[in-house]
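Residue numbers (the working numbering), protein chains in the order written: chain A, 1 to 218; chain B, 219 to 321.
For the record, the hints were derived by calculation from the structure and aren't laboratory data. Hints may contain errors.
Stated by the list, open to error - Simulated crosslink set (DSBU-like; lysine-lysine; CA at most 35 Å straight-line):
(1) A:K18 <-> A:K171
(2) B:K321 <-> A:K213
(3) A:K88 <-> A:K78
(4) B:K232 <-> A:K125
(5) B:K238 <-> A:K108
(6) B:K234 <-> A:K85
(7) A:K170 <-> A:K132
(8) B:K232 <-> A:K105
(9) A:K171 <-> B:K247
(10) A:K32 <-> A:K114
(11) A:K32 <-> B:K249
(12) B:K311 <-> A:K132
(13) B:K232 <-> A:K17
(14) B:K249 <-> A:K17
(15) A:K114 <-> B:K238
(16) A:K114 <-> B:K293
(17) B:K247 <-> A:K209
(18) B:K320 <-> A:K85
(19) A:K18 <-> B:K311
(20) B:K293 <-> A:K35
(21) B:K270 <-> A:K132
(22) A:K132 <-> A:K35
(23) A:K108 <-> A:K174
Said to hold, decoys possible - According to the in silico footprint, chain A covers these stretches of chain B (three or more CB under 8 Å from chain A):
(24) 244 to 252
(25) 289 to 298
Said to hold, decoys possible - Stretches of chain A that chain B covers, calculated by requiring three or more beta carbons in the stretch to come under 8 Å of a beta carbon on chain B:
(26) 105 to 113
(27) 176 to 184
Positions of the beta carbon are idealized from the N, C-alpha and C atoms, including for glycine.
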Amino acid sequence: MKDTKTLQVPPRLPLEKKDLENALQLLYLIHKLEKFKGYTGVTKIQKLCFLIEFEQKIRGIDGFSFNWFRWEFGPMSKEIYNLLKILKENEIVTQGYRGIILTQKGIKLLEDFKPIIEENNEVFKIIDWVVKEFGRKSANFLKNYIYTSFSIGDIRLKDVDQGVDLIMPKKEEKIRITIPDDWLETLEIYLDRELYESLSRAIESARTKPSLKYEVLE
Amino acid sequence: MKYEIYQTEEFEKKLKSLDKSVREQIDKKIKFLANNPYGGAGNVGHLKGEFKGLRRIRVGRSWRIIFAICEECRKLGYKDLRKCVDCENISDKSVKLFDIWKK
Chain A
1 MKDTKTLQVP PRLPLEKKDL ENALQLLYLI HKLEKFKGYT GVTKIQKLCF LIEFEQKIRG
61 IDGFSFNWFR WEFGPMSKEI YNLLKILKEN EIVTQGYRGI ILTQKGIKLL EDFKPIIEEN
121 NEVFKIIDWV VKEFGRKSAN FLKNYIYTSF SIGDIRLKDV DQGVDLIMPK KEEKIRITIP
181 DDWLETLEIY LDRELYESLS RAIESARTKP SLKYEVLE
Chain B
219 MKYEIYQTEE FEKKLKSLDK SVREQIDKKI KFLANNPYGG AGNVGHLKGE FKGLRRIRVG
279 RSWRIIFAIC EECRKLGYKD LRKCVDCENI SDKSVKLFDI WKK
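So that you can see chain B by itself, here it is in the shape it has in the complex:
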């Protein structure tokens, strides 16, 4: 995998609460993100306003993953917006999973 994947506590908690079949679907999408976080055919979009710097990707019709790409965050100056506590310890080639929800 090209990018390392990290998750917030919030993300981990939510993922654990989901049914196995949904978790597998989401895991598949996370593997896709690990190789191609900028999207391709993956329906990736950017959030705006106070959530600037975060991206979202669709998982099937109803699920959404909210994530950030660390190198993008640093390059575009979103680092100061997000202020992740472990920013210094995570490489550029990382993706951080923030949240997940059902639309």
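Excised from the complex, chain A in its bound form:
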């Protein structure tokens, strides 16, 4: 049972491989939701992620990978809160009157990662489908839809106790999101403001000041 009253999740770096894979998909989802006029807050994003992961899993796709539990306002994953917090703190997403949207840096990141998104077309196609089907729906609609339509065994999610883990269906994995190591390392830099700014400063320094000879230690 989880403590659903206090949802304090400290941001955590460095990100693991799975976090980076989740982050790229999450950014893609947020970007796709921007075409709708309504407010996209964290609870709506949580439910859409649940629907995406469920759909991926039943199709044998290893894409999103979060731990879920039943919460009053819909399926909940602390990892998504954590990830969004990191993305906000590193200026990849921002929260305003329209909810969570990508910053210019976030948009640039997605553009730069287009080859990876295209190579993982089967994974990202599910996000497109969920956005098309559910992107306009309110968070409340999504909560009711998920709690009345989804079950664990014979029990509808609406009848499951608060805080109980929601286990995703297990199908044989046919496809998994693949981000080569070089891209993962680059993604890590994009997502860490300190690293990103440090490297940008170094590049700028090379453009404006002659470099210095390195003398090896004796």
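Using the hints provided, position chain B relative to the given structure of chain A.
Frame of chain A; chain B shown alone:
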């Protein structure tokens, strides 16, 4: 050493701020790069996106050096991306150290 090693001001500043033991570890890796910048068993990778043309090498488990190989940069056209101010004055057989950080 087969390649000459250059460093950005940023790199120099950061290196100077590190403990001696870490500096020695990094220096050892730089000597390795000076003889074998393309890698071998050195865990060298390429950065992508806006950092295309830069490579990274691991130093132990937690440190990373970001560098470029001048001949590669010129051959693959990354020169226009990086736009180093002293490009004309540095030989092909050079390695430029850009940044260093702890993972």
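Now the hints, each set against the structure:
1. A:K18 <-> A:K171: holds, 19 Å
2. B:K321 <-> A:K213: holds, 26 Å
3. A:K88 <-> A:K78: Holds, at about 15 Å.
4. B:K232 <-> A:K125: Roughly 43 Å separates the two Cα atoms, so the pair is violated.
5. B:K238 <-> A:K108: violated, 38 Å
6. B:K234 <-> A:K85: holds, 33 Å
7. A:K170 <-> A:K132: Holds: K170 (chain A) and K132 (chain A) sit about 25 Å apart, inside 35 Å.
8. B:K232 <-> A:K105: Holds: K232 (chain B) and K105 (chain A) sit about 25 Å apart, inside 35 Å.
9. A:K171 <-> B:K247: violated, 45 Å
10. A:K32 <-> A:K114: This hinted pair holds, its Cα atoms lying about 14 Å apart.
11. A:K32 <-> B:K249: violated, 47 Å
12. B:K311 <-> A:K132: violated, 53 Å
13. B:K232 <-> A:K17: holds, 27 Å
14. B:K249 <-> A:K17: The given pair, whose Cα atoms are some 30 Å apart, holds under the 35 Å limit.
15. A:K114 <-> B:K238: Violated, at about 42 Å.
16. A:K114 <-> B:K293: Satisfied, since the Cα-Cα distance of roughly 25 Å is no more than 35 Å.
17. B:K247 <-> A:K209: Between K247 (chain B) and K209 (chain A) the Cα gap is close to 25 Å, so the pair holds against 35 Å.
18. B:K320 <-> A:K85: holds, 22 Å
19. A:K18 <-> B:K311: violated, 38 Å
20. B:K293 <-> A:K35: Measuring from Cα to Cα gives roughly 42 Å; hence the hint is violated.
21. B:K270 <-> A:K132: Roughly 34 Å separates the two Cα atoms, so the pair holds.
22. A:K132 <-> A:K35: holds, 11 Å
23. A:K108 <-> A:K174: holds, 30 Å
24. 244 to 252: holds (count 4)
25. 289 to 298: With 0 residues in contact (Cβ-Cβ under 8 Å with chain A), the coverage given for the segment 289 to 298 of chain B is violated.
26. 105 to 113: holds (count 4)
27. 176 to 184: As far as the segment 176 to 184 of chain A goes, the hint holds, because 3 residues have Cβ atoms under 8 Å from chain B.
Hints 4, 5, 9, 11, 12, 15, 19, 20, 25 from the earlier list are contradicted by this structure; the remaining hints agree with it.
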